[in-house]
Structures are given as C-alpha cells and as structure tokens.
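Keeping their order, the protein sequence lines are chains A and Z. In this text, residue positions in the first sequence follow the numbering used here: the first is 1, and each later residue adds one. In this text, residue positions in the second sequence follow the numbering used here: the first is 1001, and each later residue adds one.
Treat the hints with care, as some may be off.
Here chain Z is said to cover these stretches of chain A; the calculated rule only asks that three of the stretch's residues, wherever they fall, bring their Cβ under 8 Å from a Cβ of chain Z [to be verified]:
(1) 336 to 343
(2) 349 to 355
(3) 380 to 386
Don't read these hints as lab results, they were simulated from the structure. A virtual CB, placed ideally from N, CA and C, is assigned to each residue, including glycine.
One-letter residues, chain by chain:
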Amino acid sequence: MTDNILLKNNIAGLEAYFACGGYKPLKKALGMKPAEIIEEVKKSNLRGRGGAGFPTGLKWSLVPPDALGQRYLVCNADEGEPGTFKDRELILKNPHALIEGMTIAACAIGAAHGYIYIRGEFAAETEFLNKAITEARAKGFIGKNILGSGFNFELFTHRGAGAYICGEETALLESLEGFKGQPRLKPPYPALKGLFSSPTVINNVETLAAVPSIIERGGEWYAALGTGKSGGTKLFCVSGPVNKPGVYELPLGTAFKDLLEVNCGGMKPGKVLKAVIPGGSSTPVLTAREASAVKLDYESLAAAGSMLGSGGVIIIDDTQCMVRLLQVLARFYHHESCGQCTPCREGCGWLEKILNRLEEGTASHRDIDLLYSVAEGMTGRTICALADAMALPVMSFVTKFRGEFEAHAAGRVCGK
Amino acid sequence: MPKLTIDGKSVEVPAGRTLLEAAQLLGVYIPRYCYHPKLSISGNCRMCLVEVEKSPKLVTACSTEAAEGMTVLTTSERVIKARREVLEFLLINHPLDCPVCDQAGECGLQDYYMDYSRQKSRFPAADKVQRQKRRAVGPYLMLDNERCILCTRCVRFCAEVTKTSELEVMERADHSFIDLKEGKALDNEYSLNLADLCPVGAFTSRDFRFKTRVWFLKKTPTICLGCATGCEIYAQHNENTLYRLLPRPNAETNTWLCDHGRMTYKTVRAGDRLNKALIRRGLIDLEPALREAATRLDEFKDAAAVLGSPWLSAEDNAALGRLAKDGLKTDHYCFDFSAEQGIKDGILINKDSAPNTAGLKAVKSAYGGLALEDFTTLLAGGKIKTLVTEANAYGLVKAAAAAARVRLIIFALNRGEAPATAHAVLPYASYFETAGTFVNYQGLRRATAAAVEPQPGVWPLWAVVNKLASYSGAELHIDCGEAALEGINFK
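Using the sequences and the hints, build the whole thing.
This is the structure:
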C-alpha cells in the first residue's frame, strides 16, 4: 500500500510538518519558472478534488501569463456537499500542506493574494487555519519576499455565511466580493475574469494540498500512484452503516470493495449493502451490484454512470427507504437553490413536493413518471450544476429503485 | 466578422454580437423574459435556450456570442421541448389569476403559453408557493410578488439606468421574491418604466390599472411635451379617451419615458379642463367670449401686446405672430425665449421644461419682435393696456404685467393654470387633440399627432386666433395649421 500523502498522523504543528519534509517543496518551487511548475502539475494528472475533476495543471495554464494587473488564487474550502467531510479533516490534520500548496500555486500563476473561502460553520477550523497561517507567516513562508526569492504572497481566510451554493466557484467569488452568492454566467471564465474582475484560479483544499508532494517528488511519480488519467491519491469520506466510517486516503483506481471491506471493515453486523452514492449527494446512486464492480477513479465511475465527485461515499443498507432518502436530498437542494434560473428555482421545490406525497402515501403511480420528467426538464438547462445535482440523483433513484417508489405510490409507506 | 448559420439561414454579424441579436437580424424571434437590449445580460429565465451544433447542452441565446462557423437551431425538437418545460416551471407557482390581472392581453406568460406550451398543468393548485399579493410600492406602482417570474429586469433597471438600486431579490429558491431594500421607496423619476419592463403582471401602473382592458386600446405615435427632450411616445386611447403614454424606443431620443412625461396626458381630461371660455371668471361660450376679447383689444389697439409661448406649437405661435402683425398691427410682441438646454439627470429629463424653445427661434426669425427683456420693461412701463398670451408664458412676465395692471387675454388648457386676474381665458385644443410642430433640444423637428378629438367648442389655438382677429376686423385666413406656418423657415 502507498503511504498517505495528505493525511498523516498529527502533523498539524509546524515542527511536525518540518519533520516530514514540510516547506522543502516550496523552496524548490521558488527556484523553478512558473511554466515549469505548471508543467509538473500537468504531468501529475492531478484533477480537481472538489467534484468536477477538471485537470489542475490545465486550469492554471488558462490564466494568461501576460495579463496586466492583479491575479488571485482562491481556495474553495466551502465544504458543504452532503456526505463530504474530507477538507475539514485535511485542514485539521495537515493545514501547512494547504498553505504550502497555495504558495506554490500562487507562484505558478503569479498571484500576490490568496483567499481561503471557508464554510461558515467551520468556526473552529478557521481559527485553527489562521493559527497555521500566522506560524507560516512568522517563518517567512508567506508574506513579502518569501524565503528571499523576491516573491510576495499574502493569504487570508474568509468565512462564508452558510450557503451551499457558495461552493460553486463563481458564486463563491460573488460572495467573496460581498454580494449575494449566486453563480455567474460563463463565459467569461474565472481564469480570465474572476475575483474583482481579475484572472483567478479556484482550487479545492485537497487539490492544493497535493501540490507540495508533486513538486517534491515529481509529477510522474504522482501520476503513477493513480490510474489512467486519474493521478495520485484521493480522500474518501465514508458514511453509513460500516464498521469504521471516516476519511481514508487511497490511490485513485482502488476498488470500492477494498475501501468497504479492507479500510472500513465491512458492513456493520446484520446490515446488507443496498446502494452507494459514490461522490457526494449530487452524484447518481449505484446499486450494490454496480458498486462492488466499480473502481474509484474519475473514468471508471463515469463509465458506471456516476461520478467520483467529492469522494463522499454514502453507504446505504437494505433497511433504508430510497424514497425517504431522496426526499431528504430534495429538501436540501430545494433549500439551497439560489433561485436564479427558472428550472432549478421551481423544479427543486416541485420535486420535493412530489416526494413528500410519495412519502406520505398520497401519491399516484403517475407521480413517479412526473418525478422523472421534472428532473429531466431541469438537467443541463441552468447556469450552474446545482439543478443537475438535484436531478441526476432523482433520475438514478427512480430508475434503479423504481420498485420502492411504486410501493409508496400504492400506499405502502415505510415505517407506518 | 463571424459568419454563422441560424435555422439554415446564413448571417454575418460584427464580433461580440450574441446569438439572439444575430437571429434578430435574420428576423428569427427567440423568446425571452430576462433579456432586454438596454440592460445587462442576466441569463436567468432560460427561455432563450437554443441548440448549437457540437455543444452538448442547450445554450442561452442572450449571452452566447456568435462565433465563426456556428450552426444554430432555434426550432429543433430539443429547443421546443426546453421552452415548453421552462414555461411550465414558470407557471407552476404562478397564481394564474389572468381574469383579474391587469396585465392580461400584454402578458409574456400568456403570449408564450399560446406559442410554446398549450398543455394542462401537472402541478396541483394547492401546492403553489404563496407570496405577498398586491401592494403599493411608490407613487406609481403596484407590486404583486405572486405573479413575479424573477427575471430581475426591474432590479437591473433600478441599478443600471436610474442607479437608485431600490430593488433586490430576497431569499432563495422558490421562496425568492423581489422587494424594496430597507429604507427605500420606489420613487425615482422613472419608476413607471418598471410597469413596461415587467413581462408579467407583477409591476402594474397604479394610474392605468383597471381603467380599461389593453386589447381595446389604439395607439397613436406622437411626441411627449413634458420637457425639451421631446421623447417619442405612443398615446394609447379608446373611444376618445386617453389612457396612458408609453415610450416609443428610438435611437435618437429615448428608450424610456419619465413619470412626469407619462402623466402629461392627465391634463386633457382633468376636471378643470376648459371647454368653454371664461370672462372675469365666469364660464361663457367661446364665440361671445371672443367678441368680448376683440372689443377689449379694439379699445386700445395701439396699446395691445402679444407674447408667444415655448409651450405652444410653431403653428400656434405663428398664428399669434400674425395676430400681432396683421391683426393688431402692433410692434409690441415677443417670440424671444432662451433657456439652458440639455439632459440634466443623465437619462432623459431636460434642463428646459418647455418643449418648444428651439422651435420658437424659427418663428422669431420670421416675425422679429422685441427681446423678452425689452418686452417686460415695456409691460412694466404702463403703456400696454392688453396682453394676449398663453398661461405658462404669462408666468414669465407675471410680475411686470400685474404691477402695471395689464388686462389679460390668456390661452389656457385648464382653469387651474390660468391667472385668476385674467379678463378673458380662452380654451384651445391640446396637442393630444391637434397636430403641432415642435423642435426639441437636439434640433429635431417633429409633429404631434391628434390621438383624440377635442371636446365640442374647443378649437386649435390658431383657429381661435383666426376668429379673434376676425372679430376685431382683420381676416388672417388661417384655415389650417400649415397655413399658419407659411413664411416660417425651419433650418
């Protein structure tokens, strides 16, 4: 098994971080040209860990090198996807990897300012991160003339106010600028016109924290940890009735079976796996049979009709009611839709109302088709992916567990 | 210049144009709610989704720039389906209160429903989100949040055009609603534009609502006389009653119309509108009043004076010029008016509140006359016994005329605007009732058009002048507006 890159035992303090080679990669990066850093990250096949999986090196290279004025680096720490709790763990266990990764990324794209937009509920985590930033600043890893290289980089944390949508990168920028968090129309993309209308790169916590190791040990080494186009390791947050739920760092391409049986110690006694949501609540559900055949990487999960997403693996056992689960999801997305685009604003509420009827036992069989058709009408028709994040689970739940929906439509309501 | 194909027709557009604009050039209409050519692009309504070849998702025509070699489909099955579904989403929480909605007949939801949907609702009425029903927001507007489709045109208008930013979208998801920001009222000088901009019945005009159904209205293109800007407008009317004024967007003067301009139609049917003359504040038919006025003029013919008015058309001023020159045969007249002109608020409202200051220059060059300053001195001097003028213009010489106790023969539309001291007040047809030539601050010469008929016994001012002169023994032969303009040379 590969050693963990991100999650190591208690290296939160600066001394411990130094002990395992911390801030050496930064020194190395400061001696490299920005294009070389980007090239190394491209070679690593590192892809965005926030959910969309966009190649990180490519994202950095989209910032025009000759653009005048400010550029910004933003870290998306607005971890709000139901079933996802990896960034918090990473911030608490290894904050300096994030800070170092951000400084290297800033160096690569020529940003003098960085922001960590952190979820509003993470008050203690923000404190903790601020402490780490202060430590790093005292040692000259951020601030003016970093390690005598002449490169300046200032880093700030900014707490959100509790909206899920602010995890969408352009809504995050709106919120960071002080406006209501609503996704922006794209194009223009943030790489050209992002924060304060300047070129901006936005990366997830986990993505940025992987950068120091890539610089230290080379992109090819990192790529080889994973599989195909999915380079490196990934944090998986396992929740549900397993013996050892929690965050696990595994190379991409690990079989789901291994995660469940080896890492998590299998299902709890008496529980039988029914379904898995593999990448946070927005990703389509897999049946137990589909899940046990799947490998956990971007390509394999896409081929299985789902997504790696944020790595939030939600384990569902056979005592759970799929209708009830979907109702909970729908309530969440209905609450969190920003209300900008018509299909999402109206559709999320509509879906929740249909699911309420099914759950109460007052729905008809026609409502099941209606559920699917409303979800279909929402997909791919909005500015951001929130509508899809609602609609895809609905379509997959209805398709794969239609029997349970029909039982509800026939009046057989679970737990009553 | 990218060249692209829309529905099989090829078109070349300047770089940076959107698909919606490119389609417009071809005469292809793409439905829209949030898009407005004079506001920023929001892209939220999703009504303008079109299919672009090689693009996996439908794209919004309002925000997607035309690119070389694009193949765009605006009526493909996918597009039609998307429109129908977006429209269904818009309607599920809409109250469907069309029978009691004043927007009915000019409603974007009704129109597109007929064009793209025509299906039964799949949403139970009891499940509808309830929002606040009508309430007054500012002096001219009603807001019904339940009918709102959250296209944010109103929010953007207040932020971008008037820059007063009174409105904001509150809350999220399907409980979002448009509301006033704390401590704000919708009292900017352009608020009624929101009633036009709103594609549904959320913002309606407090002045117009429930006065008539819009499908009865006829529209006459004319000019607003609220100030020297001279915005192009439609006067909307039915059965000889004016109901509202709407902007007639054009490149030269205006896209919008100010609230003051919109309300100018009210004088036409105001309670104090004169359809008879007044002699010493007593109502009397026009003809005997004219005989009386003529007698008073004849009493001191060489001591009569005439003052033109920048609130009157070129025709009516020219008639007053003829009265002075050929009727009274006096040199005591004045068509000399000047005012600082230009847009004072960066939008539409002019520094000059009179609509025809520029037009009077042509009358002045044809007839000459005294400078306003000299004319005022003359009045104050006491030599003048009788003054013929229009009520607003009288305001300019009021102090001098009152001090010298000049006998007043005043043209007025409404009793309220005529001075109480006037000996005779003569009614005339407003420019919603008769054509008149006006020159705006940019030098654009345009004519108003008669949208409605004047009341019986009310004539155009030139005709009243013609008759007045004839009672005083001079035939001016002004039989029509054009005749009055004879000899006037607009450059």
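(request) Mind taking a look at whether chain Z covers the stretch 380 to 386 of chain A? Criterion is 3 or more residues with CB to CB distance under 8 Å. (result) holds (count 4)
(message) If you count the residues of the stretch 336 to 343 of chain A with a beta-carbon closer than 8 Å to a beta-carbon of chain Z, do you get 3 or more?
(response) Since 8 is at least three, the answer is holds.
(request) Mind taking a look at whether chain Z covers the stretch 349 to 355 of chain A? Criterion is 3 or more residues with CB to CB distance under 8 Å. (result) With 3 residues closer than 8 Å to chain Z, the stretch 349 to 355 of chain A meets the three-residue bar; holds.
The structure fails none of the hints (numbered hints given earlier).
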